[in-house]
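Novice: As a plain string of letters, each chain reads:
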Amino acid sequence: MDFAFDANQLEFRDAVSGLLAEHCSPVQLRAAWENDNGRIPQLWDHLVEMGVVSLLAPESVGGLGLGYVDLVLILEASGWAGLPEPLVETAAVAVPLLAAHDPVKLRSVLAGGSVAARSPLDEHGVWIESCPWTLILDTDHAYVVAHEWIRTTARRSVDGARRLGTVEVESTQFRAVGDTVAAAAAFDRGALGFAAQQCGLAARMLHMTVEYAKQRTQFGLPIGSFQAVKHHLANARVALEFARPLVYRAAWSIDAGHPQASMHVSMAKSAADDAAHVAGRAALQCHGAIGYTTEYDLHLYLKRSWALARSWGDATWHRTRVGTALADRQTA
Amino acid sequence: MDLTFSPSEQQFRDDARAWLVDHVPRSPLPSGDTAEGFAAHLEWERTLFDAGYAVVSWPKQYGGREASLWEWLIFEEEYFRAGAPQRVTQNGIFLLAPTLFEFGTDEQKDRILRPMACGEQTWCQGWSEPNAGSDLAAITSRAARDETRGGWVLNGQKTWTTRGAFCTHLFGLFRTDPEAPRHRGLTYFLVDLASEGITVRPVERLDGDQGFAEVFFDDVFVPDTDVLGGVDEGWAVAMATTGSERGLTLRSPGRFLATASRLMDLARDPDRLVDERTRDQIIAAYIDAEAYRWQTFWTVTRMVNGNAAGAESSLVKIFWSELDVRLHELALELLGPHAELLDGAHSHWMTGYEFSLAGPIYAGTNEIQRNVVAERVLGLPRK
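Chains as they are written, first to last, in this note's numbering: chain A, 1 to 332; chain B, 333 to 715.
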């Protein structure tokens, strides 16, 4: 048993965090809310150059040949930054599918393309208009469709950077990428990616609030010295502390091909959504009115966490899946 | 990262499981918080000791088998999975012993550890006083120097002492320098409860057992050899013990995984109607028990790699104590009108519930723990 990340994994994460601190600041995120596609110009190219997008692809096809354990910390860091790019959809969901089943498309993606995705549980995907491909994931099949073959209807998200679109396909002539098992595994990688981002978002909101509570004074004292405030933030820290290990464990289970990896992913998504909820509520409450404004940055992360909590299965959906898996284990 | 146990750890698990299946009493022992039950539990402790399972992680010379931290966790998982009896020796083996290993003299370790492990000597803790609960440093029980006899004379009162009415020994803090600031001037003493001048008055707990005691000290002599750590340095020594109590050593994940599994079994009973909301909460609690297991593995990996556990133990204490209450509340919800019954097949859920309710109170209330998390983990100002 060795439940820890190695130095390379931590260094890679730190490098990506550095990139995102520079290119995905709150100012740049606000600009994405206002621009035409919701994304940050050139940032995707940087992520491709660093190898983040191709991380899960084998070295033989130009990837890094690493695993989800290597990716999960990076996805968590992307949540911390509120990254408005289809990183989970492309790097975690699409790349391994294409690497196994469609090397031609994979080459285009690794050369800088991005893939939007629509999960079997959702009507819409995100950033479809700005991605050359869309991965349409059904319960038993996955299709990667070029942009010209789909029609989308734009929907407006509470998170201004998330440009949503429902998906209609112009043809029924597409060949599935991989089989039912591959589609199910792709779904799990997506759900876990958003769970990791939720941990990052929870950590970011908690961090912002701790810093604010240290410097904001009322009644002549920093509000962070008041027990009512302390206890809200302690609760958020507890929730995060116990969500993260489930997320990391699920990443390992995916890499190891563990027979219960899907259940582990669902445990992770449920716990991470809950942690983001607890952290978000505490953050807003402890900030008081300033946190309720859009001039202040908290809402950028809060609204992302609201969106992710209902994407790729909400906490209740994932708990139901855990319940079913446990019942199956019982009868098996 | 490798989340598998080695073949030798797996073998350790298989051996422990097989032994427990053969030896765990078929029907539950009477509560260890009664005189009769305490005696029955001490017999079980002797059985464990003779098989080398009483204190698996200790050195062999004291009755252990030098198991690694991982093996200790595995043993705990199997212990609770098997539904084995509560450990009435736990305050000794899990709280005092780690402190003895860290601060004790060789003479103290040789004299105390083995009798503790086999249940000959049983230890209770003397922290709280009538006016010192959460504010532990407010204790006023005194120890005065007795140079002639080479020791100390204790006076005062301790309270809420778990199993104080049945134990043979007590460890606790007494004020040796009344002039010093609150956290200084305290000394950690090991006291034989048979000493002259000690009066123990049992106190009935919420669950109806005489599980608490008040302990009165009236000119009780304790020799210098029963001071643990330095004179006036008791606070630091005691904090080492409370760190154990909050964290890993008292509440291993096996305990909550076993309770969560039994809760799932209860919910699966085909005669029971479980509404969607309750089912969702049960699964959430099960996931939390898993989360506790993996957070423990995360922490133990860090410990094995040489990092000390710090204020994080407060996070852990909040989580397990509130999870334990929730697991039992959900079971009572499933049992409906049967929940109140203290006889019958499911009565352990009510008694377990009563026990779980102590969790958010002892070892530093969860309000104190949240302050600790806020101040020492998050860095919020004390004032």
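Wrong hints could be hidden among the right ones.
If you anchor each label on the Cβ, the simulated ranges turn out as follows [stated by the list, open to error]:
| hint | chain 1 | residue 1 | chain 2 | residue 2 | range |
| --- | --- | --- | --- | --- | --- |
| 1 | B | 699 | A | 149 | 58 to 64 Å |
| 2 | B | 642 | A | 10 | 32 to 38 Å |
| 3 | B | 609 | A | 227 | 40 to 46 Å |
| 4 | B | 466 | A | 166 | 53 to 59 Å |
Covered by chain B, according to a simulated footprint, are these stretches of chain A (three or more residues, beta-carbon under 8 Å) [stated by the list, open to error]:
| hint | stretch |
| --- | --- |
| 5 | 106-113 |
| 6 | 121-134 |
| 7 | 185-191 |
Below, in silico cross-link-like pairs of lysine to any residue (SDA-like), each with a Cα-Cα straight-line distance of 20 Å or less [unchecked claim]:
| hint | chain 1 | residue 1 | chain 2 | residue 2 |
| --- | --- | --- | --- | --- |
| 8 | B | 715 | A | 221 |
| 9 | B | 715 | A | 23 |
| 10 | B | 715 | B | 691 |
By construction, these hints were calculated from the structure, which means they are not laboratory data.
From the three backbone atoms N, C-alpha and C, an ideal C-beta is built for every residue, glycine too.
Novice: For every hint, state whether the structure bears it out.
Specialist: Taking the hints in turn, this is what the structure says about them:
1. B:699 - A:149: 58 to 64 Å: 59 Å, holds
2. B:642 - A:10: 32 to 38 Å: 20 Å, violated
3. B:609 - A:227: 40 to 46 Å: Given range 40 to 46 Å: violated, Cβ gap about 31 Å.
4. B:466 - A:166: 53 to 59 Å: Holds: the Cβ-Cβ distance is about 56 Å, inside 53 to 59 Å.
5. 106-113: As far as the stretch 106-113 of chain A goes, the hint is violated, because 0 residues have Cβ atoms under 8 Å from chain B.
6. 121-134: violated (count 0)
7. 185-191: violated (count 0)
8. B:715 - A:221: Judged against 20 Å, a Cα distance of about 7 Å means the pair holds.
9. B:715 - A:23: 37 Å, violated
10. B:715 - B:691: 27 Å, violated
This entry does not satisfy hints 2, 3, 5, 6, 7, 9, 10, going by the numbered hints stated previously.
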